[in-house]
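S.K.: Using the sequences plus the hints, can you model the full thing?
2 protein chains.
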Amino acid sequence: MKLASYSYKVALQDVDFTKKLKITRLIGYLLETAGRNAFENNFGIQHLQAENYTWVLSRLAVEMETYPLQDEEFIIETWIENAGRLFTTRNFCIKNLSGKLIGSSTSIWAMIDINTRRAVDLTDEYASFVVDKPSPCEHPRKMPPILCEPHCEYKVKYSDIDLNCHANSAKYIEWLLDTIENPKTFFENKHVARIELYYMNEALLGDVLSFYKENREEQVFLFEIKRNTDSICKMRLVF
Amino acid sequence: MKLASYSYKVALQDVDFTKKLKITRLIGYLLETAGRNAFENNFGIQHLQAENYTWVLSRLAVEMETYPLQDEEFIIETWIENAGRLFTTRNFCIKNLSGKLIGSSTSIWAMIDINTRRAVDLTDEYASFVVDKPSPCEHPRKMPPILCEPHCEYKVKYSDIDLNCHANSAKYIEWLLDTIENPKTFFENKHVARIELYYMNEALLGDVLSFYKENREEQVFLFEIKRNTDSICKMRLVF
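Going line by line, the protein sequences match chains F and A.
First residue of the first sequence? That's 112 in my numbering, and the numbers climb one at a time after it.
First residue of the second sequence? That's 112 in my numbering, and the numbers climb one at a time after it.
Note that these hints are calculated values from the structure, not bench results.
Check before you lean on any hint, since a few could be wrong.
Since copy identity is lost for identical chains, a pair holds within one copy or between any two.
In silico DSSO-like links for lysine-lysine, alpha-carbon gap of 30 Å or less [claimed, not checked]:
#	residue 1	residue 2
1	K130	K337
2	K268	K337
3	K206	K120
4	K211	K268
5	K211	K113
6	K337	K211
M.R.: This is the structure we're talking about:
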């Protein structure tokens, strides 16, 4: 249960025109895996709701060598690497059915009190769930500020929000990828080798957001979502 | 296999702030059920791809008395009611775990040749799959034309499209529901009792669409998506 494996199959609705698992859906499966494993260990969002706590994703990095194809089965292994005063690290390995490592991920979470929005100390209660095994995936580094003009504005809609009335983690990625020009040519020829996400603030229903995009090095894109001067989310993509 | 049942559980990401299964996700489960049952009977999209055929959804109606709640399990029964020269009718019953009927649906599909875009005659090959049982759900009627001015324009984005490079059926519903004003108050107080969808044309990546909305009777909303003068999709919502 501490180091658990879950198997999935790439559904028709999980792929784009390249017939490969979309990065947003891959991250969807990672978050679903985190939720399932937390639930099985009795600290899922469903358990926390009763005590007015919830999990908040702070940072996520994913590295992929190859993406599973439509109808292909794949396995996600997950474990908690540490649990500290403010944050816990949950790692993932993504494997194909032959057991070959095709990708990996690391994520940093806080547990907050829904009313006070303050983080809960995780040191004692979660120590017994820790597996001392690092992720093959490099940790998310600090992102430099983006200095360009906003690419476009966007108002958060009903279809974007979840049960907490805020946009969920995968929506930010969709919005930012949608700022890429000529997506057909782009995604036919490029492969996301690494993605880093930094979640700073929630985007709520009706919020007006600005999207920023900078192509600093040839294979590296930096993105940011802001509400006025508040940073909501930053994303780094390496192709 | 001809009349099959599938069970599902309402996931965290399937609900909105009312903690009830969202209509878009319900329709997602109905389409997934259609796909699974077709696959098990050897006429799934995966089987048809090899012969250059595909299924195209033409009309869909759903009626719901109550919606399953977060974490609740529910059952979808499905069967083919008829298979004709151009269309086949697939029905659904939605039940809770006690077996109580909580909703029903009926859908009309064509099988088309991907190259010629022409419909395939289904009479002979699918006769053996027909179960002579009507759906409790009333068939979609003809929709009157909407005469108002367009509500807004929208450009089809990378995150909207599927493996065929067109927006999938659930996206149309999201776009149209997003035109409703004050969604928090609206969806807190209203319950979709019936939804009808009429799919006329595909919306492709980069298409610029216009959305139309008319509140003709108090509890009835009519919607339409057009590309220039071509109708892409119509939707009737009864609350």
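S.K.: State whether the alpha carbon distance between K206 and K120 is at most 30 Å within one copy, between copies, both, or neither.
M.R.: both (12 Å within a copy, 26 Å between copies)
S.K.: When no copy is named, should K211 and K113 be tagged within, between, both, or neither for a Cα gap of at most 30 Å?
M.R.: within (21 Å within a copy, 38 Å between copies)
S.K.: At most 30 Å between alpha carbons: which applies to K130 and K337, within, between, both or neither?
M.R.: Between. Shortest inter-copy distance 28 Å satisfies the 30 Å Cα cut-off; intra-copy 32 Å does not.
S.K.: Classify it for me, K268 with K337: is the Cα-Cα distance of at most 30 Å met within a copy, between copies, both or neither?
M.R.: both (16 Å within a copy, 20 Å between copies)
S.K.: When no copy is specified for K211 and K268, does a C-alpha distance of 30 Å or less occur within a copy, between copies, both, or neither?
M.R.: neither (40 Å within a copy, 34 Å between copies)
S.K.: Tell me, please, which holds for K337 and K211 at an alpha-carbon limit of 30 Å: within, between, both or neither?
M.R.: Neither: 39 Å inside a copy, 47 Å across copies.
Checked against the numbered hints given earlier, the structure breaks hints 4, 6 and satisfies all the rest.
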